[in-house]
Structures are given as structure tokens and as C-alpha cells.
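**Student:** Residue numbers (the working numbering), protein chains in the order written: chain A, 494 to 678; chain B, 11 to 186.
Errors might be hidden in some of the hints.
As the list claims (entries may be wrong) - Cross-link-like lysine-lysine pairs, in silico, DSS-like; alpha carbons within 30 Å at most:
no.	chain 1	residue 1	chain 2	residue 2
1	A	Lys515	B	Lys12
2	A	Lys580	B	Lys77
3	B	Lys77	A	Lys555
4	A	Lys552	B	Lys77
5	B	Lys77	A	Lys499
6	A	Lys580	A	Lys499
7	A	Lys548	A	Lys515
8	A	Lys548	B	Lys39
Said to hold, decoys possible - With beta-carbon atoms standing in for the labels, derived distance ranges:
no.	chain 1	residue 1	chain 2	residue 2	range
9	A	Arg518	B	His84	20 to 28 Å
10	B	Ala43	A	Lys548	50 to 58 Å
11	A	Asn652	B	Val38	42 to 50 Å
12	A	Gln678	B	Leu76	27 to 35 Å
13	A	Pro498	B	Leu80	52 to 60 Å
14	B	Gly35	A	Asn652	57 to 65 Å
15	B	Arg55	A	Ile608	54 to 62 Å
16	A	Leu547	B	Ala43	24 to 32 Å
17	B	Pro66	A	Gln678	38 to 46 Å
18	A	Pro498	B	Ala43	48 to 56 Å
19	A	Asn654	B	Leu76	38 to 46 Å
20	A	Arg518	B	Ala110	54 to 62 Å
21	A	Ile608	B	Glu18	32 to 40 Å
22	A	Ser560	B	Tyr108	27 to 35 Å
Calculated directly from the structure, the hints in this document are not laboratory data.
Keep in mind the model is a prediction, meaning the values are calculated, not measured.
Where a beta carbon is used, it is the ideal one built from N, C-alpha and C, also for glycine.
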Amino acid sequence: MQPLPKELLIEASGGDIGAFEKIYRATSDYVYTIALKVTGNRADAEEVAQDVFLKVFRKLGKFRFESSFTTWLYRITVNNAINASRKSTRRRSGQVEFNDNIEVADGRDRTREAIEKEQNEARVRSMLETLNPDQRACIVLREIEGMRYEEIAEVLQVNLNTVRSRLRRARETLCSRAQQERSIQ
Amino acid sequence: MKCTEARELLASDFLDGELDKDARGEVVKHLDACDGCRRFEEAVRRAAVDPLRNAPRETAPPSLWLKVRLGIEHEQERGVRAALYRVWRSFHVPWTAYAAASATAAVIIAIAVLREPLTVPGSTRASLTDTEGLHEYIEEQFSILAYQDTNGTGNGANGNGADSVNFGTLLEEYLM
Ligand SMILES: [Zn+2]
């Protein structure tokens, strides 16, 4: 996520909906991606993203520019996504994503590329499903957002060693899952 | 460097480019000499890193902005309504306030009525509710009576002494 101009943030904080839409356009894909990777389904991800932007609009007036806006936005997103993930029954039932897959599979003219993309998405989703929400958030910020440990620690408000150990545990879990899969095949 | 130490770093700082040049050099040296750790590093990358790092960014659904905008408008409307309600509330007096005001007024009137008989017109102290004032009033009355006894209606030794005595109202003075 690129840093946004301070003037734009100030305009939006005064209730300017046009300025706020510009912020939304610049950040919504990042917010939605994190929400989707952490919650594991599109319905929850959309709800999370909507809540995040409403919160941002509501609280922007009180934002003091002492920390970076993007760090603040990441924090709200991750916290909301973790909470939604803990509460949601959709991930556990797998219902929503199953229906999504059927919809895609019904399409006639799917290219090889599209099929591969789908398979990769399904793989990533099932990988992340094996992790707990805290590990998931940490690994998403590292691997998908490409953040350094210090940035992750700032977003999650934990210390560097917590970031380190969450990543290590998450990777251990992913490796043993891959081993199990190989032994089944 | 031991294998356990190397593997800890291989699953975190080394993999994520968080090590300084010297520490990184140490791990690379270990990898050059240890087949087991090399295989471990490959396995971690394949199973836990590459699929995630290569995952494309999602695009937010087009309907999302509409929902956010509607949410904002809804909140703004609610905010206006709440502000209007606050203004209305500031002018509105609840019945309990009326009741409290009436009760207070009744108590004040009751006190005023009860205090009235003890008020002495022309006295140096308007109120005689306190005992000190009462004593003063009684002493004053006695001293008047004593003065009357000695100078006025008493033995009549000094006829003009009666002129200086205050008998109360003008009507009383006329009748006497
Ligand atoms: Zn080794």
C-alpha cells in the first residue's frame, strides 16, 4: 500500500466524500485481499472491508498523523478480519467457497490459465485454513503484503519476537500439512 | 552453527531477509556443508512460502464502494437525527422537573408562613427564629414595661414622662 498525500487525508477527515472515495480507490484492493485471506470467504471479506471503511470514515477526524495512515488502516483491517474469522461459521462450514467454485466450474470457456489460477487460489485457501487467525494474519502481512518484521509488529502491536515465532510456527504447520498430503498421495 | 539454530533462522529471519550480512553468511556457510538443512530450506520454501508469495492480489468487488457509501450516508442521517433530538431534549422539561419545582415552591411558602408570627415590626432584628433574637425581644419588651412603670402610668410622679413612651400603634396612642 502506497502512502497517501496528507492533504487528501485532511480533506476526507473533514467529511469530503470525494476525497474519501479517492482513499477508497487507492486502498480497497489491499483491504479486501487481507480480509479475504484472513477470513477465508468472500462474504465475510466484503463485510469486513465495508466495516473497515466505515470505521475509517468515522475516525479519520480524530487521526493525528503521529503514525502512518497505512499502518493504521492495516491495523483496523487485520483486527476486524481476525474478529470476523473467530466469529464466522462460514469458514468452518466451507459453504460459501464451495458454492463459488461450482459457479466458476460451470463456465464453458475456461482457459488453462484460469484453471491454474483457480487451483492456486484453492491451494492458498486450504493452506491458510490450517493456521489460527493470529498466525494467518501474520503470514498474510509477510507473504502477501511483503512487510518487514518491524512493520508487522507495528500493525499487530506485538513485539518482534512474537512476529518471528508466529511466522515460524505457521511455517512448521504448513510444512507438516504438506508432508501429510504427500503421504496420502 | 548447529542444525537447530540454522533451521530456526531458515524458517524465519534468513527466509525473510531480516539477517545482517555476517549472520546471513554464517547460515550460508552451514547450508553449504549440511545436506539436511539444505533439504529443510527447500521444503519450507515449497510448502510454506512460494504459493503464498505468488498469490495475486484480489480486486475488491465493484458493489463494495456502493455499500460503503450507503453506510456513510445512513450514519450521517442518523447523526443529524441524533443532533436534532439533542436540541429538542435541551428545551424539553420532564414532568419530574415540574414535580420537583412544585415541591420546592411549597416548602418555601410553608417556611415563609411559619416564620411570619415571629417577625417583629420595627425591631432591630427582623427574624426571631433564633433563641438569641428571642431573648433580645423579651428583654426589650420588659425594659419598655419597666420604663412605663417608673415614668408613665405607674405613680404619676413625672407627668410628661408618658410622652416619650411608645405605646405601639397610632390608634392605641389616640385611645389612651
Ligand atoms: Zn544442518
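**Student:** Each hint should be assessed against the structure and marked as holding or not.
**Tutor:** Quick rundown of the hints versus the structure:
no.: 1; hint: Lys515/A - Lys12/B; in the structure: violated, 52 Å
no.: 2; hint: Lys580/A - Lys77/B; in the structure: holds, 22 Å
no.: 3; hint: Lys77/B - Lys555/A; in the structure: holds, 23 Å
no.: 4; hint: Lys552/A - Lys77/B; in the structure: holds, 18 Å
no.: 5; hint: Lys77/B - Lys499/A; in the structure: holds, 25 Å
no.: 6; hint: Lys580/A - Lys499/A; in the structure: violated, 35 Å
no.: 7; hint: Lys548/A - Lys515/A; in the structure: holds, 16 Å
no.: 8; hint: Lys548/A - Lys39/B; in the structure: violated, 50 Å
no.: 9; hint: Arg518/A - His84/B: 20 to 28 Å; in the structure: holds, 21 Å
no.: 10; hint: Ala43/B - Lys548/A: 50 to 58 Å; in the structure: holds, 52 Å
no.: 11; hint: Asn652/A - Val38/B: 42 to 50 Å; in the structure: violated, 27 Å
no.: 12; hint: Gln678/A - Leu76/B: 27 to 35 Å; in the structure: violated, 45 Å
no.: 13; hint: Pro498/A - Leu80/B: 52 to 60 Å; in the structure: violated, 27 Å
no.: 14; hint: Gly35/B - Asn652/A: 57 to 65 Å; in the structure: violated, 26 Å
no.: 15; hint: Arg55/B - Ile608/A: 54 to 62 Å; in the structure: violated, 24 Å
no.: 16; hint: Leu547/A - Ala43/B: 24 to 32 Å; in the structure: violated, 56 Å
no.: 17; hint: Pro66/B - Gln678/A: 38 to 46 Å; in the structure: violated, 26 Å
no.: 18; hint: Pro498/A - Ala43/B: 48 to 56 Å; in the structure: holds, 51 Å
no.: 19; hint: Asn654/A - Leu76/B: 38 to 46 Å; in the structure: holds, 43 Å
no.: 20; hint: Arg518/A - Ala110/B: 54 to 62 Å; in the structure: holds, 57 Å
no.: 21; hint: Ile608/A - Glu18/B: 32 to 40 Å; in the structure: holds, 38 Å
no.: 22; hint: Ser560/A - Tyr108/B: 27 to 35 Å; in the structure: violated, 52 Å
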